[in-house]
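J.: Each protein sequence line maps, in turn, to chains A and B. Each residue of the first sequence is one higher than the one before, counting from 1 in my numbering. Each residue of the second sequence is one higher than the one before, counting from 1 in my numbering.
Careful: at least some of the hints might be erroneous.
Cross-link-like lysine-lysine pairs, in silico, DSSO-like; alpha carbons within 30 Å at most [stated by the list, open to error]:
(1) A:Lys-36 - B:Lys-246
(2) A:Lys-70 - B:Lys-197
(3) B:Lys-295 - B:Lys-197
(4) B:Lys-391 - A:Lys-36
(5) A:Lys-243 - A:Lys-270
Derived from the structure by calculation, the hints contain no laboratory data.
There are 2 protein chains.
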Amino acid sequence: MGKTIMMTDNSLKLYEQVVHYLVVRIEAGEWTEHEKLPSVRSLSELLGVHRLTVFKAYQELKEHGKVYVKDKSGYYVSPADPAPIMDQADDPAVSAWLHWDSLDRVQSLEAEFQFSKSLIDPALLPNRFWGELMRDLLNHYPRLLGTYSTNQGDLELRSELASHLTSRERFYISADEVLITSGAQQAIDLIARSLVKPGDRVLVERPTYGPAMEIFRKQGAKLVFTDITSEGYDLDQIELLMKQEKPKLFYMTPTFQNPTGINIPVEQRKQLPELAEQYGCFLVEDDSTYDIYFKEKPPAPIFTYDTTGHTLYIRSYSKYVVPGLRIAAIMCRPRFMPGLQAMKTLADNGSPLLNQKLFLRYFQSPRMYQHISKLCTAIQLRMEVMEKCLKETDWRWTTPQGGLNIWVELPEGMDTGRLLHRCMEHSVAFVPGTVFDPSDPGASRKLRLSYSYAHEQQIYEGMSRLIELAHKKV
Amino acid sequence: MGKTIMMTDNSLKLYEQVVHYLVVRIEAGEWTEHEKLPSVRSLSELLGVHRLTVFKAYQELKEHGKVYVKDKSGYYVSPADPAPIMDQADDPAVSAWLHWDSLDRVQSLEAEFQFSKSLIDPALLPNRFWGELMRDLLNHYPRLLGTYSTNQGDLELRSELASHLTSRERFYISADEVLITSGAQQAIDLIARSLVKPGDRVLVERPTYGPAMEIFRKQGAKLVFTDITSEGYDLDQIELLMKQEKPKLFYMTPTFQNPTGINIPVEQRKQLPELAEQYGCFLVEDDSTYDIYFKEKPPAPIFTYDTTGHTLYIRSYSKYVVPGLRIAAIMCRPRFMPGLQAMKTLADNGSPLLNQKLFLRYFQSPRMYQHISKLCTAIQLRMEVMEKCLKETDWRWTTPQGGLNIWVELPEGMDTGRLLHRCMEHSVAFVPGTVFDPSDPGASRKLRLSYSYAHEQQIYEGMSRLIELAHKKV
Numbered sequence: 001m002g003k004t005i006m007m008t009d010n011s012l013k014l015y016e017q018v019v020h021y022l023v024v025r026i027e028a029g030e031w032t033e034h035e036k037l038p039s040v041r042s043l044s045e046l047l048g049v050h051r052l053t054v055f056k057a058y059q060e061l062k063e064h065g066k067v068y069v070k071d072k073s074g075y076y077v078s079p080a081d082p083a084p085i086m087d088q089a090d091d092p093a094v095s096a097w098l099h100w101d102s103l104d105r106v107q108s109l110e111a112e113f114q115f116s117k118s119l120i121d122p123a124l125l126p127n128r129f130w131g132e133l134m135r136d137l138l139n140h141y142p143r144l145l146g147t148y149s150t151n152q153g154d155l156e157l158r159s160e161l162a163s164h165l166t167s168r169e170r171f172y173i174s175a176d177e178v179l180i181t182s183g184a185q186q187a188i189d190l191i192a193r194s195l196v197k198p199g200d201r202v203l204v205e206r207p208t209y210g211p212a213m214e215i216f217r218k219q220g221a222k223l224v225f226t227d228i229t230s231e232g233y234d235l236d237q238i239e240l241l242m243k244q245e246k247p248k249l250f251y252m253t254p255t256f257q258n259p260t261g262i263n264i265p266v267e268q269r270k271q272l273p274e275l276a277e278q279y280g281c282f283l284v285e286d287d288s289t290y291d292i293y294f295k296e297k298p299p300a301p302i303f304t305y306d307t308t309g310h311t312l313y314i315r316s317y318s319k320y321v322v323p324g325l326r327i328a329a330i331m332c333r334p335r336f337m338p339g340l341q342a343m344k345t346l347a348d349n350g351s352p353l354l355n356q357k358l359f360l361r362y363f364q365s366p367r368m369y370q371h372i373s374k375l376c377t378a379i380q381l382r383m384e385v386m387e388k389c390l391k392e393t394d395w396r397w398t399t400p401q402g403g404l405n406i407w408v409e410l411p412e413g414m415d416t417g418r419l420l421h422r423c424m425e426h427s428v429a430f431v432p433g434t435v436f437d438p439s440d441p442g443a444s445r446k447l448r449l450s451y452s453y454a455h456e457q458q459i460y461e462g463m464s465r466l467i468e469l470a471h472k473k474v
Numbered sequence: 001m002g003k004t005i006m007m008t009d010n011s012l013k014l015y016e017q018v019v020h021y022l023v024v025r026i027e028a029g030e031w032t033e034h035e036k037l038p039s040v041r042s043l044s045e046l047l048g049v050h051r052l053t054v055f056k057a058y059q060e061l062k063e064h065g066k067v068y069v070k071d072k073s074g075y076y077v078s079p080a081d082p083a084p085i086m087d088q089a090d091d092p093a094v095s096a097w098l099h100w101d102s103l104d105r106v107q108s109l110e111a112e113f114q115f116s117k118s119l120i121d122p123a124l125l126p127n128r129f130w131g132e133l134m135r136d137l138l139n140h141y142p143r144l145l146g147t148y149s150t151n152q153g154d155l156e157l158r159s160e161l162a163s164h165l166t167s168r169e170r171f172y173i174s175a176d177e178v179l180i181t182s183g184a185q186q187a188i189d190l191i192a193r194s195l196v197k198p199g200d201r202v203l204v205e206r207p208t209y210g211p212a213m214e215i216f217r218k219q220g221a222k223l224v225f226t227d228i229t230s231e232g233y234d235l236d237q238i239e240l241l242m243k244q245e246k247p248k249l250f251y252m253t254p255t256f257q258n259p260t261g262i263n264i265p266v267e268q269r270k271q272l273p274e275l276a277e278q279y280g281c282f283l284v285e286d287d288s289t290y291d292i293y294f295k296e297k298p299p300a301p302i303f304t305y306d307t308t309g310h311t312l313y314i315r316s317y318s319k320y321v322v323p324g325l326r327i328a329a330i331m332c333r334p335r336f337m338p339g340l341q342a343m344k345t346l347a348d349n350g351s352p353l354l355n356q357k358l359f360l361r362y363f364q365s366p367r368m369y370q371h372i373s374k375l376c377t378a379i380q381l382r383m384e385v386m387e388k389c390l391k392e393t394d395w396r397w398t399t400p401q402g403g404l405n406i407w408v409e410l411p412e413g414m415d416t417g418r419l420l421h422r423c424m425e426h427s428v429a430f431v432p433g434t435v436f437d438p439s440d441p442g443a444s445r446k447l448r449l450s451y452s453y454a455h456e457q458q459i460y461e462g463m464s465r466l467i468e469l470a471h472k473k474v
């Protein structure tokens, strides 16, 4: 799998990709000051590139003062530099890579026309009603702010979620099969830390949510990729990978998939748990926008088809119910709970009780689903405006049935990393495809556009700028 | 260091300790269903015990259906059992070990006389005033509940903390040297994950906060222990360990040390940063009850004496300012920030903004320190009641100058693990010393009593029960 670690974006010279590979990891602290870096030989084997390429990359880093050479014993990390290499890189492509290797960095970019954040415009949320709930909250729980939650999460909230999902979505779970987390991000992290050991294989969709790949990599896992198309998964490919690579788990976002927006069809949802059982692979089903659909409700979660308890289901309400509270939940069979709870305890000793109780009050109020259906209409309108703009181009995309993103493919020869570089000069932000897909050369022609954060006028103007810049030949 | 992993409590037969060692890790998911366990040979080498001892432990686990044997190839983990082994163990000592190996488990025990939770009685907290702040909050930040925080933490809060600590406690830091975390627990976890690599040594106090040891162990670190006495540290021992073991960092709670309550003297606080620089070891200073003192303010944090930026300072306000918000902060030099921020992003994408802003409002109000000084008086009274009860015994302890705990040593032959077992039948909870000290045989005679959660009457009655039970010979 070594090769898949390696970016294969043709628009970048290979040695630049090695530079990028090293810089990102040095900055993430994978190697620290004065620590010896991998030898040219071992790195060239790991990345599947020629030794001269690695050598050239090290030379480049040396010139930028990022590494130094100790007599003949190899390359070492230089002490942290007040002006990091990325601000010195002149080649826009390298610079783009260095700035935009992670979703987090892209989304931290300030822009007037914000299509990189798959978040909901706060103006669309019932802030006033929440204010009333919050003012009311202390009457119900006078000592709320002085009290810790249990590590697994507030029992009242877990019971409410369990009975709600059971009655409304046929989950058939009890409160002890629910663990409250601080957003889906923490849910993925806890699952990875409790189930994945160094050397394990982890199966992921191609393309998929970048930070999840990063979490599994940090656990020492080797990533294995399975393709996702408008038809969904290729189950034969998945079965082959499960047989050959024996992945510990399959991390998936089967509903309004991130970034493609694709919904995995019901038939595949039924078959996946059987494959999971047959090959002893856990399914981690990350579901962050289940209720944000435009025409019809998406198919039932894979979890509801799993009769053998191989699925860990992450239901996040953090994006569209009350974002500021950062509430998500892991639903899984009790056998997973001791490990997950132990990790949750080490990670943060339990999510704040205030957030859980406030969320509970909203979740119990009839207002929540009224608001969510209004929200869906508002988001659909914005999606349609964005799609109208795209129709002016020869780009390719699939109309989303829900969720917050459109996944767009530009014609041959385009590079969305470079494009973002130009767009930022005009205050337009999006996420380049390579963030979601480290292994597909075509990813550098793709980009993810989120239509839920900017309002119609911003979408219209921002998209015009984006399209104009894309067609400027440079 | 292998041997230090091994408990050396004389009150337990050696094979029972091996049983405990295996059960805890199986339950924590370190080995999963049908996974092969270490061979008798390798485990006996790791733990430094005879092979027959390991063999006997495996037999015991086999009888309890916790492991099974596959032909001749070794021992494997049995599928999760609805009735875990620990509820089947008859020997009270084994049972005690199995239940009470972790602080989390001990603190989860329900008890009428609660001395195991080093938390503050919610009745002592200004819940009504917080309610006013909360009701008022949405007027200042109308879209608060719809907005995410940055990963490093709300800038307004970071600036306030930086200027406050700089003007009040001579920290001389800026907002970009502060990272907001969800409690000290997350702060330790983020630091461990960004700085510690498998095989690294980590220096810790003996005794120390159990979950911190667990975090470093999960990162693959080997723990090295340095003793703490009423005089503080033994700097010669620390220098020797830094020289020989080259620890990556030294995790310490130098102010109202947990569990001993000891304050490290100023002279040692000045010398430690010099040792840290000389041997390239980072200092992780965990400070969770700095403002809870009885007569005089504790010495300034080690961070304020560190001129070379080797100290990462964890200031937690989660215990005594607004517990329900779970707010703590890491203060460190900018070179650590990229790694910490990257981990915070993967861990939970930033702490909820609501909690940060609400904390900020309280932190800015003159009421906070007024309340904290009242709180100190109330807690001191409870401590004095507890100490009055202890004076009826021949046990040994040092009168705390602050913090929330008394560290007590019982006479030879006493075993606080067994004692807790009996106490729980009379609804009295405390933390046995072994939770804080895996390597000192004497730890089984010690216990930690928290005086901040129960009120005077409960302390008086609960202590009487505890002392009576301790003197019952069994």
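J.: Are the hints correct? Go through all of them and say.
T.: Do the hints match the structure? See the list:
1. Using a Cα cut-off of 30 Å, the hinted pair A:Lys-36 and B:Lys-246 holds, with the two alpha carbons roughly 16 Å apart.
2. At roughly 23 Å between alpha-carbon atoms, A:Lys-70 and B:Lys-197 fall within 30 Å of each other, so this suggested pair holds.
3. Between B:Lys-295 and B:Lys-197, the direct Cα distance comes to roughly 41 Å. Violation of the 30 Å bound is thereby established for this hinted pair.
4. In summary, the hint linking B:Lys-391 to A:Lys-36 is not supported, as the alpha carbons are separated by about 57 Å, beyond the 30 Å threshold.
5. Proposed proximity of A:Lys-243 and A:Lys-270 is supported: the alpha carbons are some 19 Å apart, at most 30 Å.
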